[in-house]
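Work the whole structure out from these sequences, hints included.
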Amino acid sequence: MNGFSEFLELHPLFSWLYELLKSTGLQDPWLRVTHYSILGSMMFGVLSLIALFLVWWERKIAAHIQQRFGPMRHGWHGWYQTIMDAIKLLQKEDVKIALRDKPVFFWAPIVCFVAAFCVYVVMPFGEGLIVADLNIGILYVLAITTWTVISLLMAGWGSNNKYALLGGMRSAAQIVSYEVPMAVSILTPILFVGSLSMNDIVLSQTGPIYNWFVFRLPFGPIAFLTFIIAGTAEANRTPFDIPEAEQELVSGYNVEYSGMKFAMFFLAEFVNMFTIAAVAVTVFFGGWNGFQFLPSWLWFLGKTLLIVLLLMLFRWTYPRLRVDQLMMFAWKFLVPVTFVNLIIAGLFKHLGWYW
Amino acid sequence: MALRTEEFVVNMGPHHPSTHGVCRLVLTLDGERVKKVEPVIGYLHRSIEKICENRTYPQCIPMFDRIEYVTSMSCNQVFAMAAERLAEIEVPERAEYLRVIMLELNRIASHLLFYGVTAMDIGAYTPFLYGLRERELIIDLFEMTCGQRLTYNYIRIGGVSHDIPPEFVPKCREAMRIIGQKMADYEGLLNENPIWLARTKDIGILRAEDAIAWGVSGPVLRASGVKHDLRKDDPYSIYDRFDFEIPVQKNGDTFDRYIQRLDEIRESIKIVNQALNGLEGVEDDKIKAKVSPNFKPPAGEAYARIENSRGELGTYLISDGTKKPLRVKTRGGSYNQLQALPLMCHDVLVADLVAIFATLDVIMPEVDR
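So the sequences go chain by chain: S and W. Mapping the first sequence onto my numbering, position 97 (from 1) lands on 97, and the numbers just tick up by one. For my numbering, count along the second sequence from 1 and bump the result up by 355.
There's no promise every hint is true.
Beta-carbon label-pair distances, calculated as ranges [as the list claims (entries may be wrong)]:
#1 Glu362(W) to Trp107(S): 27 to 35 Å
#2 Leu294(S) to Glu498(W): 49 to 57 Å
#3 Pro336(S) to Lys526(W): 52 to 60 Å
#4 Gly502(W) to Met327(S): 50 to 58 Å
#5 Glu498(W) to Leu310(S): 39 to 47 Å
#6 Arg532(W) to Phe53(S): 37 to 45 Å
#7 Ile406(W) to Leu310(S): 52 to 60 Å
#8 Leu217(S) to Glu361(W): 49 to 57 Å
#9 Lys526(W) to Phe53(S): 40 to 48 Å
#10 Pro336(S) to Ala357(W): 26 to 34 Å
Source of the hints: derived by calculation from the structure; they are not laboratory data. We put the CB at the ideal spot given by N, CA and C, even for glycine.
Shown next, in the form of structure tokens:
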């Protein structure tokens, strides 16, 4: 069994690629640039597939919660429905309203799309499966996820539509607010690791399952819960999906977008959801650590999909919060809780009372 | 330092997902706060009352179906009642039982739709499908009886159009049992959900005196604490034979209006079960009094009113002794409820406005007619 899972590990592929490029005689800046671009494109391809899968999966889960079938026509249980949707959206007319703010309107979906994918540069998908192991990895993740705000504001402003503007303003307020508890709740595990590198965070959780931060009582579970709540808000998911609240703002910031531009927002949303789950797994659930019989990347993927499932269950169970309640919850509940958690954890660390 | 802000006007509707059809709300917003609401109606005006003046009495009933298509049975009933009062027609007992069964089934179906739509407007998608799932059971019963699923044209002057098929009674009992069971699911999903409570408690309060002053009726009035139900206060048909309660709430907020409908579903299930029992005791299987197609009531006027799922539904008929009515006027509950909307939306957020509008359960064809 061991040999089998070793055989399925993908990191030899990465080093093999590096050796291959080196053997062509490329010198260092260009060698690295080529290596990273190839890995980046691979990551982009894989993530696009994951996003397409998530769209289908969410529709199926929603359908089964609501006792219906969901997509059934295209393939087994409609498995290529989202591919057909993407093809349809590509053929759609790109409606450009006359009074838009041209550059802002054009760049908004691109910024959103790129920001969603950039995070994965530092994501350890498996043992050695990381594009660039930055020493400020987690900081980079937090910085890039905030990019989304700019794109949503751009979309809201550029559309020259009152509903879109309201949606953009809402999302700016929301994401900036929830960024604080999210960052602080990630800091608690970081305190114990002593490094911001994603790889170090994962490596510090190797060994038995109780080494995962989520099982390190009492700080781990609290930090995880606050993180997943703030993360749901970051990814604009119900119960925090007010920027695109259909019943109030029609569709929020993306109301004037059509065709592939809309699809870019749509896919970015699902990639963002996957990001939140992937960060949660990396920081709290031991990343690619697992038991021997499966390769590490499969462990990572499996755990991430379970967290995604949790986010989907939230969405199809809860009603939506109101704007002021949402802000109140962030500043009056989540921020104090995460800070107290961090301070006490710091005290414990200082006194050496942790394991 | 106070920031200088500027109010702006947003046109919500007539094409907006949460205005339930074609209501247009002109909102004056200060950021997210609603400063002023102004409902603009008339986008669905089909002048049904005027059309009816050019049709014979039996031909008016299909038009009445379209006044309030979520509970068409009530509209049929109210027109038939007014016409029967004009001509003093006695309705056979079996037909009365069938009418009560259909009216109450239709009320349950309407409240189930309300449950789903309100939850959807507050952002919960799953209850919508749950509500529609059970509504389907009732719609199937209607289809079995009169062949229609939305506009029934079932209750006619002097009785009903078809007798129920033999498999109706067991299926109806089964549907009532299932809906009674599923009520626990509905309540479990929302009633104690903290997000739901935060969104609905103490939002959009309609005080009892305001409700009365603005002519609000039906579940919205009862949620404000006024125990007024025409089924008890002015019994029509054979409602005085059944044992049921009129649920009332205290606060008149969004939550009370929501819970009021769920309570009413329970009472309606009771009535349907009693009516099914009563139907078995009726020996005469006549379902329609003899009414000629050339129905000509004597000159005069009549008003009939019933308790619809959206409040008092009334019809006023003036006859000049010909086969066409001289004047038809309907009074729908939705119209008055919509009037009370600006009263309840003082300084609320846009999201609350949507929630309040949903719990009023306004249906635009009844407002515009």
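Each hint, compared with the structure:
1. Glu362(W) to Trp107(S): 27 to 35 Å: Holds, since glutamate 362(W) and tryptophan 107(S) (Cβ atoms, about 31 Å apart) stay within the stated range.
2. Leu294(S) to Glu498(W): 49 to 57 Å: holds, 53 Å
3. Pro336(S) to Lys526(W): 52 to 60 Å: Holds, at about 56 Å.
4. Gly502(W) to Met327(S): 50 to 58 Å: For glycine 502(W) and methionine 327(S) the Cβ distance comes to about 53 Å; the hint holds.
5. Glu498(W) to Leu310(S): 39 to 47 Å: holds, 41 Å
6. Arg532(W) to Phe53(S): 37 to 45 Å: Between arginine 532(W) and phenylalanine 53(S), where Cβ atoms are some 41 Å apart, the hint holds.
7. Ile406(W) to Leu310(S): 52 to 60 Å: holds, 55 Å
8. Leu217(S) to Glu361(W): 49 to 57 Å: Check passed, 52 Å falls within 49 to 57 Å.
9. Lys526(W) to Phe53(S): 40 to 48 Å: Taking Cβ atoms as reference, lysine 526(W) and phenylalanine 53(S) lie about 42 Å apart, which means the hint holds.
10. Pro336(S) to Ala357(W): 26 to 34 Å: Holds, since proline 336(S) and alanine 357(W) (Cβ atoms, about 28 Å apart) stay within the stated range.
The structure shown violates none of the earlier numbered hints.
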